[in-house]
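A.B. asks: Since chain A is already given, all that's left is putting chain B with the ligands on it; use the hints.
These protein sequences, in sequence, are chains A and B.
Position 37 of the first sequence, counted from 1, bears residue number 37 in this note's numbering, the numbering being contiguous throughout.
Position 40 of the second sequence, counted from 1, bears residue number 354 in this note's numbering, the numbering being contiguous throughout.
All the given hints hold, so there is nothing to weed out.
With a straight-line cut-off of 35 Å between C-alpha atoms, the simulated DSBU-like cross-links for lysine-lysine are: (1) A:Lys154 to A:Lys114; (2) A:Lys136 to A:Lys180; (3) A:Lys214 to B:Lys572; (4) A:Lys114 to B:Lys403; (5) B:Lys486 to B:Lys572; (6) A:Lys110 to B:Lys403; (7) A:Lys173 to A:Lys295; (8) B:Lys486 to A:Lys154; (9) B:Lys403 to A:Lys154; (10) A:Lys180 to A:Lys154; (11) B:Lys332 to A:Lys56; (12) B:Lys486 to A:Lys114; (13) A:Lys261 to A:Lys295; (14) A:Lys225 to A:Lys214; (15) B:Lys572 to A:Lys56; (16) B:Lys572 to A:Lys19; (17) A:Lys281 to A:Lys261; (18) B:Lys572 to A:Lys136; (19) A:Lys154 to A:Lys173; (20) B:Lys486 to A:Lys19; (21) A:Lys110 to A:Lys154; (22) A:Lys136 to B:Lys486; (23) A:Lys110 to A:Lys136; (24) A:Lys173 to A:Lys214; (25) A:Lys154 to B:Lys572; (26) A:Lys177 to B:Lys403; (27) A:Lys290 to A:Lys273; (28) B:Lys403 to A:Lys56; (29) A:Lys110 to B:Lys332; (30) A:Lys15 to B:Lys572; (31) A:Lys111 to A:Lys154; (32) A:Lys214 to A:Lys15; (33) B:Lys332 to A:Lys154; (34) B:Lys403 to A:Lys173; (35) A:Lys136 to B:Lys332.
Derived from the structure by calculation, the hints contain no laboratory data.
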Amino acid sequence: MDGSISVQDLVKTYKGDVKAVQGVSFEVAEGEFFAFLGPNGAGKSTTVQILTTLVKPTTGSIRIGGVDVGEEPERVRWNIGVALQETGIDPVLTGRELIEMQARLFGFTKKEAKIRAVELLALVDLNDAADRPCGKYSGGMRRRLDLALTLVHKPKILFLDEPTTGLDPSNRKAIWKEIKRLNKEEGTTIFLTTQYLEEADQLADRISIINQGKIVASGSAEELKRTLGFDAIQLLFELDEEAEQAGQILVDVGENIERSKNEVTLYTENGTKLLPDLVRKLDEHNLSPKTLNVKPPSLDDVFINVTNEQKERA
Amino acid sequence: MSEQKKGSFLVDTFVFTKRSIITIIRNPLIFIPNLIISLFFLFVYEGGLSGISELPAFEGANYLAFILPVSIVSAAIGGAGGAGQALVKDLENGYFSRLLLTPSSRLAIVLGPIIAGMLQLLIQTVLILVVAYFLGLEVAAGFGGVIVVLLLTLGWGLAFAGYSVGVALRTKNAQSAQAGTFVFFPLIFLSTTFVPYELIEAGWLKVAATINPTTYLFEAMRSVFIDGWEAWPLVRGFLVIALLCAITISFSAISASKAVSAD
Ligand SMILES: Nc1ncnc2c1ncn2[C@@H]1O[C@H](COP(=O)(O)OP(=O)(O)OP(=O)(O)O)[C@@H](O)[C@H]1O
Ligand SMILES: [Mg+2]
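Okay, chain B solo, but in the shape it has when bound:
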């Protein structure tokens, strides 16, 4: 009877995504602290550091627009990391095996939490942007610029979600998966986080900022907030993110196929 049945990738993905969203909604503690920390960043840095934007290197830019990408990106890390955390929980309580025993698409099993994480991240980012708007944010590139920022954030989130899912499937325990997320703190802070490149004093930090992909993400977002439409920072930003996604998503796909055939 069930012999001729074929699985539907779309139905599977929908079912897994819906389930991940329900899980997130029922555990608001998973994302609320992270969101609060990101907003906290925004208030504190804007309140405490905005004076430095008087320096000529800022070329008259508003410090709020300058620091906003840092807040958005750090929130994105928490949101995307949730995808890996969710899989670790499934692995630990045995539900992952139950899912592997269904004929559903293996890709859909890991895609569900990733898509849910992306949606969460989108909502978070919009919230942060709304708060920034009330703090006086003006976007030089207009509404289109906001869309670009959302796309950049999603791309960054996807790259990080791929990474967190890969680490989760490999380590199969919550502590290691959590430890894996620490990689991203240096990525945020060893960059043009608080001041433009020209103002970074230490030579080693200049080097770090140059090779750090996050720098190009910050620069792309800042260009639409502060300068309007400029091709080069955007091209560079999207290229860097595409490259990162390619690496981390392959990493998670390979990890997933390994997790399926335990040895």
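Chain A with its partners taken away, still in its complex shape:
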């Protein structure tokens, strides 16, 4: 069993004709970091629950590490780690007890389970709270414990459904770092759902945007941004006249140019490529901008654009 994910024509219709997922297909290679991005109710969690054996699909075929989820769910469970959107924690047990129990269920001996608990408690920074009942933990502490439970058996594939929701910025960064390390150093395949575009942008090799149960765009963060069109080159000058002059000189350089006061914005397919040519031309006319920025459109722009398009069509 390897670390790949393969989903073909996945459909899930809940009772009452709720079409949660409407024909989703994608492949994730071993060791890849894949992000599933989408607004509320898009079908992200439903997809995670189906991929992780918790919910049966209406139709479609799913292979996790080459193993059919419907046919051999137990084999799949040995190899995946899952942190659902809602944390799953027994409030009566302590963090240490929960981790040890989880380890025992994954075939660790008592002794191994104890050692693993110590490692994981340190990893998620819960040493101090380890022997308190989890019911008394804060939301962020619960999230971190939940993540530790997910990692107990060193799974080949990690499914993380909005793992950083409700975390403060420093804890969020720490979790990002750990997920990144697992992916880069251990070669763990990651399937992450998120509403933080920044998160997908920073972490994922590849992103699919899902909306109303359908994948509406896929690619690397860069590719997705490019599908939106253009980079923006922003030039700021000391004087308005300089900006006006620059506007005239550069008019045939980019696809589109805008000027307001001392600012010139140039839209072009690939900003970085164009830059040397642009600077040389300005230099020939003894113009030098105060600041110069090449800004790709943000993933926000892509996300809003793609999900809005859908709404308009519907």
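C.D. replies: Below, chain B with the ligands alone, put in the same frame as chain A:
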């Protein structure tokens, strides 16, 4: 690496049972009230009603021995119902999903709370028997009779635990699961609860007592307390319990497999 691993049903069951026992011990309020109510039954009925055992229908039996099964059975209901309650809590706080995501045996997941419930019930029953002993209980069938009573109680508890687990997995919420336990109050009281069959006046209650499985449980326990070793009441009692267990345990197993594949 983890590919060749096989789960161990015994380890899983042990782990889940241990966890359920810890949960019960840390929440004594789950079982203490129930135990107190059962002992209360014993004291009040023994104190207030024992005079009626002078009636000829009792054939000289001690009323304590007659009412004791009612106390034991009502305590058992509370104990066994705890298994369902525990699962409902897991379902509500999401821990059940976490357990389903482990490769552990699905049967072990529901067996853990049931076994813990049975152990709790065993301890409760021994406690009630000890109290009854100090109140002057004499068991006609001797120590073997006590073992028979414990076995009957366990069987009854298992049947009820199966039922409560099944209801819990189907309704998935605490209120409905709790409401499900009310079925058992008529079962206790529409029976030969306070007086022998011959003394029941109302025709409808006679009918109810006849079709009520609890009647045969009471009769089996009373036979060892009062009459000594008699085959027929015991055979009947164990048969009825075996039948009940078969029904409720299948009900809980089917409910468990449905709960696993939500739709
Ligand atoms: N158990 C269920 N029964 C019926 N409908 C459901 C169930 N679970 C989810 N749905 C519905 O399916 C759709 C997709 O829900 P899902 O939880 O997959 O969305 P999501 O993308 O995870 O959203 P969020 O970002 O809010 O977590 C929603 O319309 C939701 O109401
Ligand atoms: Mg979700």
